[in-house]
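Protein chains in written order, with the numbering used here: chain A, 2 to 156; chain B, 2 to 502.
Source of the hints: derived by calculation from the structure; they are not laboratory data.
Each computed EDC-like pair below joins lysine to aspartate or glutamate, with the alpha-carbon atoms no more than 20 Å apart:
| no. | chain 1 | residue 1 | chain 2 | residue 2 |
| --- | --- | --- | --- | --- |
| 1 | B | LYS432 | A | GLU58 |
| 2 | B | LYS102 | B | ASP249 |
| 3 | A | LYS143 | B | ASP55 |
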Amino acid sequence: MGRDGWIGIGLLALSGWLYANLDKIPANPFVPIGPAFYPRVLLLLIIGLTLLLILQELLASRQQKQGVRIKIRLENYRGTLVSFFLFALYVFLLPRLGYLVSTILFVASLQWLLGQPLWRRLPVSLLIGLGTSFVTYLVFEKYLHVFLPRASWLP
Amino acid sequence: MIEIILQSITSVMEPKIFVSMAAGTLAGLIGGAIPGVTITMTVILVLPFTFGMDPLQGIATMIGVYVGGESGGLVSASLLGIPGTPSAIATTFDGYPMAKKGEPGRAVWTGIWAGVLGGLLAGIPLVIGATQLAKLALNFGPWEYFSLFVLTLSIVGALTEGSIIKGLLSGALGLLITTVGADPIMSVPRFTFGLEFLQAGLAFLPILIGLFAMSQLMEDLEKRGSGVELQSPANFNLSVSHLKVLKDILSQPFNLVWSTLVGLWIGVLPAVGGSAANILAYDQVKKFSKHREKFGTGISDGIIAAESANNANIGGSLITMMAFGIPGDAVTAVMLGALIIHGIQPGPLFVTANIKVAYGMLAAYFIAHLVTVAIEAGCLRAFMKVVTVPLNVLLPVVLVFCVVGSYALNNIMANVYTFFIFGILGYLMVKTGFPLAPMVLGVILGDQIEVNLIRSIMTDSNLWLFVTRPISGILLVLAVLSFVLAIYQERRSGKQQQPAG
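The following block holds chain A by itself, in its conformation from the complex (with noise of 0.2 Å):
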């Protein structure tokens, strides 16, 4: 089975939970409908769906026995790992640093490991991290009067 036949068994296996989570939903006696039957009629739409998914692909994959393979280089794959990866850490350390530490560090580090990582380039990813950070917590902040997270692991 190809990709697409693990997605519908993945997406079978999340509505059946969901649809199994249904009953504890508590019903009203006040209206008829109660707040289950929206869920319920989308889950049985979403469980056709994807069985109609995964029979094209058990279709697909009968007409065309040997699939194309399609190459991954790696490396174009690189960056977008490092971002998902910084990126979460700066989610975390956004209320713990607060908006500035962890912004700064966000920017300058995404920035120069995007970039060529040569040591001389890291003043200059510095920088940009600090005037991003600044730049805007001035703007939202003092400006436009938009609180932004504050640190709970700094005084």
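Following the hints, put chain B in place on chain A, whose structure we already have.
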């Protein structure tokens, strides 16, 4: 009506609103000109700046971004051969060859003026259509609304590129996302699993920002990894006789009007977008042309068709958004979110209940076109320098703006987590061929579909009313037809590919 529009023009010309709208137009021009940034991304970036503004100022700023962005896309399309936005793809077909032939100024300004003329022409049906359709929508009951939303979703699910099943699944999953949190009738919690941040449901804007922005940025990164890099702009001579360019455009009235109508119609269709509008208009004009063999060699006909359709597409998208509260494309989806943040509920009551904002939007649409020309006349060369900002500098800054935009919505980290989770989901969906537009539309319309479905069944449990009420029935028939047409087209394209493969 003319009096209200004139009053609205005066309101938009107030320094506070005009300056922020002009700043939005400038941001749109820059964002549109940078390949990979797209107008949707620029609107998302500008969104947090509008939180502190009053509704008209905020929405006028976004319209500025939208109009400016459409025009910005053509600059890099014509001068670099790389469309700044997907809606400028067809502009490259003739804009770039014309620039290479030594007429870069003519290539850019033909696009700019054609866009302005197309946009202004589309403004007329926008003013009439939005108000008249909104009046018609006032007669809708819950049955009609439910059927209208089903039709919208089916069009989007079926018309998106790739598999119909994946399009429909994407839309259904979008609807399911809206069931997380309290139900809209009795506020009973659903799918919260005891998690506090799910109690209030998932906010729409972080989902939208995550789905669109993250996937777009990561795709750009991968393209960079494959060696696709921006060229450096040469020293173009952009001086041109504007009178000659305008004369050239006006000497092709059929091209201008037909392309405008194509763009307008594509804009009215939910979530189809500008990229389809400009390619379709280009294709149509080429088919009608007496010298179709010259298309692609750098003639003005192709640029006029693509760019007038592009800007007219904005008008069409705004009609659907203002009359029914349904986004015509991704940009208007963000705008809908912005209206809700400002306490305005889009939908048929929007025009009558918020006359100042509604007509202000129309006024901003007209003025933004003129502001675009003024800015481009002064800063065209500067844009070319901005276009070459490296992605490694741009990407972290854009991500920070996305975080600020998500967080500032309610000042809670839950929105940032939502943005991140849906960012990953959006990226995976793009990689596995699931279209994003149906999911976004599902998230936008989910609550409304549920409310209208429950309301109609509670009013009368006879389900046949969905079919027997005339407007509702017609809308459902159209929904079925859109499926049949999509299946037919998918099969036909499959058959055409078989002999080739």
